[in-house]
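K.L.:
So the chains spell out like this:
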Amino acid sequence: MLNSTLAELSASLAAKKISSVELTKLFIARAKSLNSRLNAFITLDEDRALADARVADERRSGKSGAPAAEPLTGIPLAHKDIYCTRGMLTTCGSKMLANFVSPYDAHVIERFGQAGTVLLGKTNMDEFAMGSSNETSHFGPVKNPWDAARVPGGSSGGSAAAVAARMSPAATGTDTGGSIRQPAALTGISGLKPTYGVVSRYGMIAFASSLDQGGPLGKSAEDLALLLNVMAGFDPRDSTSLERGKEDYGRHLGLELKNLRLGLPKEFFAEGLDADVRARVMEAVKWYEGQGAKIVDVTLPAAALAVPVYYVIAPAEASSNLSRFDGVRYGHRAKEYQDLADMYRRTRAEGFGAEVKRRILVGTYVLSHGYYDAYYLQAQKVRRLIARDFSAAFEQCDLILGPTAPSTAFALGAKTEDPVQMYLNDIFTIPAPLAGLPGLSIPCGFDAQGLPVGLQIMGNYFSEATMLGAAHRYQQATDWHLRVPKETPL
Amino acid sequence: MLSPDQVRRIALLARIELKPEEEPVIAERLSRVLGLIDQIQKQDTAGIEPMAHPLDGHVPVAQRLRPDEVGEKDRRAEFQKIAPAVEGGLYLVPKVIE
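Protein sequences, first through last, are from chains Y and C. The number in the working numbering is simply the position in the first sequence, starting from 1, with 27 added. The number in the working numbering is simply the position in the second sequence, starting from 1, with 3 added.
Excised from the complex, chain Y in its bound form:
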């Protein structure tokens, strides 16, 4: 059961081979036994989970008055601690919100509640989703289940580690510059960042609003489709939520690969890419070619500036979004202060960690008088060039393939002293969200040290179903996604 896909768990629940309460107990026991080593969960709420499971079992039994069961009814899930959950701690990985019990549910939490899923707990993350290694969390770093001396990636590192170690069948995350795809790659699981606007951000604590997007992490592409079917949908409470018809994201799982045009951007295979990562990604490309796909060379020249553009836009938006943390209405407040301005300054000095402060300061600087045109406006112009490059590439190909991250999981502490080294880890995941495009990562093998490698698949706007189809076909022919980390055997 621990290594079953969501479709298999759903079938077992429907056939009454197992109850949701039994399934939930199984995952709670596993999560409890591994959490002291991996630190994947900030909150594990056994009582809440079992209460959810009992309600799900009633739905599955067809009890009169209970709503009809849905595919995910009774399946336990872990949610990134960035999604507000009513009556439950929602910390966003920060001391600022270490005592914050949310008075409302995020849209994504509501949707999973309506679908009858079980809330196992809330997962660890980089503070305010700012990080690529999960080391900026106020609650301590998450360890990679493949090697506990290494990072799981970030910022959705807790969700990724929880799925990789089979502490939860699947999880939610958010992606601003790679925070779903990069940890998925570093922990050997599958993760999808949808097109901007597909998943409502109501109740998802804001980092950079022109980039943030929620999405699922799971073992397989098929699981991601089932999860996105629940997460996606219009919500008037998010002004960027798109009004689109209901979509079955699993409708192209049988995608025909023959004559599918797959673009390889040369910028994604340049200097700095780890040799093993390149080899595994190219083996996957060859597999697609063997299935009849056409490999096309494409180019994304402006993507060379994606990282610097991102580190203007994301901090600028963060400095504005995080101005709400003032110690007045919720969250941390400094104990000692002289006046109102002093209370703000001390509250924010105490409540935010070093990386969050750094980004707020960078954002404040690039938005300040005399620098706005040179940084923020210039970054928004280069952003348009990056988006145009993608549009031109998608005239030549249906999907774009490349590595998700330039290396496999790195050692804890290896990049914490130099922010720029840490930022460059997102070099291949940052371009897609700058253009608002969807991207996913699936495992495609291991490096010489036995660490997982991620294959990134990017698609045009709203092409999630096609991307998931291409990923699913690969996963039918490979078993990388079913491998369990040696440090956390079943």
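Since the hints were made in silico from the structure, they are not lab data. Watch out, some of these pointers could steer you wrong.
For lysine-lysine, the following DSBU-like pairs were computed, each having C-alpha atoms within a straight-line distance of at most 35 Å [said to hold, decoys possible]: (1) Y/Lys-408 - C/Lys-45; (2) Y/Lys-442 - C/Lys-45; (3) C/Lys-22 - Y/Lys-362; (4) C/Lys-45 - Y/Lys-293; (5) Y/Lys-362 - C/Lys-45; (6) Y/Lys-362 - C/Lys-76; (7) Y/Lys-59 - C/Lys-84; (8) C/Lys-22 - Y/Lys-513; (9) C/Lys-98 - Y/Lys-122.
Covered, in the sense of this in silico footprint (three residues per stretch, anywhere, with C-beta under 8 Å from a C-beta of chain C), are these stretches of chain Y [said to hold, decoys possible]: (10) 273 to 287; (11) 333 to 339; (12) 351 to 358; (13) 370 to 381; (14) 440 to 451; (15) 496 to 510.
Heads up, the beta-carbon is just placed ideally off N, CA and C, and yes, glycines get one too.
Start from chain Y and add chain C according to the hints.
P.N.:
Chain C in isolation, oriented as in the chain Y frame:
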């Protein structure tokens, strides 16, 4: 490299207190980040419109309007339960006007 004065001014604008001993480290790391983002200056962007919304050009990105009707229930007591300091339904902050 940012000067200590520049760092103090940014921190003042951002309402973040910095201890004097933190300033050199923060100046050094911020300067590294600025070195990274300065790369965007070399790109020619003459005639390019800034892009504020990532789907600009692909979907209508105008903000939706809703009818001007009250949609939220009064939940003040619930919201104030998680506030650091309240009294009589008001949020308490240090005195601003003497």
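K.L.:
Now look at each hint and say whether the structure bears it out.
P.N.:
Tested hints:
{"no.": "1", "hint": "Y/Lys-408 - C/Lys-45", "verdict": "holds (12 Å)"}
{"no.": "2", "hint": "Y/Lys-442 - C/Lys-45", "verdict": "holds (27 Å)"}
{"no.": "3", "hint": "C/Lys-22 - Y/Lys-362", "verdict": "holds (17 Å)"}
{"no.": "4", "hint": "C/Lys-45 - Y/Lys-293", "verdict": "holds (21 Å)"}
{"no.": "5", "hint": "Y/Lys-362 - C/Lys-45", "verdict": "violated (47 Å)"}
{"no.": "6", "hint": "Y/Lys-362 - C/Lys-76", "verdict": "holds (32 Å)"}
{"no.": "7", "hint": "Y/Lys-59 - C/Lys-84", "verdict": "holds (31 Å)"}
{"no.": "8", "hint": "C/Lys-22 - Y/Lys-513", "verdict": "violated (45 Å)"}
{"no.": "9", "hint": "C/Lys-98 - Y/Lys-122", "verdict": "holds (26 Å)"}
{"no.": "10", "hint": "273 to 287", "verdict": "violated (count 0)"}
{"no.": "11", "hint": "333 to 339", "verdict": "holds (count 5)"}
{"no.": "12", "hint": "351 to 358", "verdict": "holds (count 6)"}
{"no.": "13", "hint": "370 to 381", "verdict": "holds (count 7)"}
{"no.": "14", "hint": "440 to 451", "verdict": "holds (count 4)"}
{"no.": "15", "hint": "496 to 510", "verdict": "violated (count 0)"}
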